[in-house]
Structure formats: C-alpha cells, structure tokens
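Enquirer: The primary structure of each chain is shown beneath.
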Amino acid sequence: SQQGEEDPQALSIQEGENATMNCSYKTSINNLQWYRQNSGRGLVHLILIRSNEREKHSGRLRVTLDTSKKSSSLLITASRAADTASYFCATEEDFGNEKLTFGTGTRLTIIP
Amino acid sequence: DAMVIQNPRYQVTQFGKPVTLSCSQTLNHNVMYWYQQKSSQAPKLLFHYYDKDFNNEADTPDNFQSRRPNTSFCFLDIRSPGLGDAAMYLCATSTTGGETQYFGPGTRLLVL
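From first to last, the protein sequence lines stand for chains A and B.
Going by the working numbering, the first sequence opens with residue 15, and the numbers climb by one from there.
Going by the working numbering, the second sequence opens with residue 42, and the numbers climb by one from there.
In short, the hints are calculated from the structure, not lab data.
Just to be clear, a hint being listed does not mean it is correct.
Claimed, not checked - Derived lysine-lysine pairs resembling DSS-like cross-links, with alpha carbons at most 25 Å apart:
hint : chain 1 : residue 1 : chain 2 : residue 2
1    : A       : 83        : A       : 70
2    : A       : 84        : B       : 93
3    : A       : 84        : A       : 70
4    : A       : 70        : A       : 40
5    : A       : 40        : B       : 85
6    : A       : 40        : B       : 79
7    : A       : 84        : A       : 40
8    : A       : 83        : A       : 40
9    : B       : 58        : B       : 85
Here chain A stands alone, though its shape is the one from the complex (with noise of 0.2 Å):
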C-alpha cells in the first residue's frame, strides 16, 4: 500500500532557484529519506532523517521532518540543471519491518 504522497507531481523552476517538495505519509515512523531517480535509471539515497530529528542539512539540501503533520519538505537550494529528476520520500514503520514505502514522487525540471 502507498505510505506517501508528494506534493506537488511536478515542478519547474528556473535554474539558480530553490525547489520545495513535499511529502506526507499516513503511519508512524522510524526514519524518513529522500532518493533521487535520474531517468530510466536507479535511486540514489540523498538524506536520512530519524523521527527524532527536526531538521537536517547536506549541501544544498534541506529537509525537515513534522512527526505531529506526518510530514517532510525537501528543499533543493540554488538549483542547478543536474538536479532534473524525480525525487521520492520513502518511510521505515516504526514497527521495525526491514522495508522501506516510496510516495508517488515529484518531477523535477530545472529549465537552464
């Protein structure tokens, strides 16, 4: 079954500008992370955040973590053309089931 769902579908942008996306999942949680897709290709883990965490910075990324809204942001800064991909959330349950459930993911275009 879906876990989450990320807002928005897609998203265009200019280059040099921030990306925001967002994803909100329905059960309680161990950790949370972001994956990156290129097209046609395999994820890439970006960032991990823990369910005790609020906040957590690599690079240019910024994600937040909302246990009470059962919600994350990610925010891509000072975008680049390199960062056109899809990007999905994905949540561990907190019951500790060895698998992680991917949202539906955003489509992102950095127009150069």
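The hints should help you fit chain B onto chain A, whose structure is shown.
Expert: Just chain B, lined up with the frame of chain A:
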C-alpha cells in the same frame, strides 16, 4: 568501487516465456530487495531477503519468484510474463532493514 549490478539492463521476452533477472552486489550487505516500478510510479516492493530469510509482500503475484544462492547474488524469476509485467525492475541492498538502500541501475523488461 562497491556497487549493485543488474543484468541485463534491457530484457525483451515473449508473453508467457519465463525470464530471469539477476542482481549482484559487492557491498556485502545482509538485505537484498526487488522492486517493480512502472512508468511514472513509485517503486513497489515485491520481496526481500534478510540473509537467507525470504519475505514476500502479500500482494506480490505467484508469478514472481526469487532465489538468493549466496550473499552476493539474487535472482528474480518471472514464470509466465504477461503484458502487465512490463516495467523497470530494481534491485537494492542495505546493511540492515529500513536504513539507506543502495540501488542498481535497473533492468527494463519488455513483454511482446
């Protein structure tokens, strides 16, 4: 470099003709996963192995089987492919369940 390798990258099969997709890893990870991803959709977990312990998702069709002969290799067998099985098949690994997953490049399956 340590990695997850999938062969072949593209596979064409005929309706009803059995096909096997392979995945190998040099990361020495305990957990291996198989996902099915259809166009513009989220990856859907089919099953996973924790060491030799096989875990099938409840909604994975019987048509899909898997084998893990050793730590490094995992196979996905589709016994009688239907047109609806055309998709990208992604293999992933992790050290323990629910943590960061490392994905292979995927095998795109076409059923004629």
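Enquirer: Next, verify each hint and record whether it holds.
Expert: Evaluation of the provided hints:
1. 83/A with 70/A: holds, 17 Å
2. 84/A with 93/B: Between residue 84/A and residue 93/B the Cα gap is close to 34 Å, so the pair fails against 25 Å, i.e. violated.
3. 84/A with 70/A: Between residue 84/A and residue 70/A the Cα gap is close to 16 Å, so the pair holds against 25 Å.
4. 70/A with 40/A: holds, 21 Å
5. 40/A with 85/B: The hint holds at about 17 Å.
6. 40/A with 79/B: holds, 23 Å
7. 84/A with 40/A: Roughly 7 Å between the alpha carbons, so the hint for residue 84/A and residue 40/A holds.
8. 83/A with 40/A: holds, 9 Å
9. 58/B with 85/B: holds, 23 Å
This entry does not satisfy hint 2, going by the numbered hints stated previously; all others are met.
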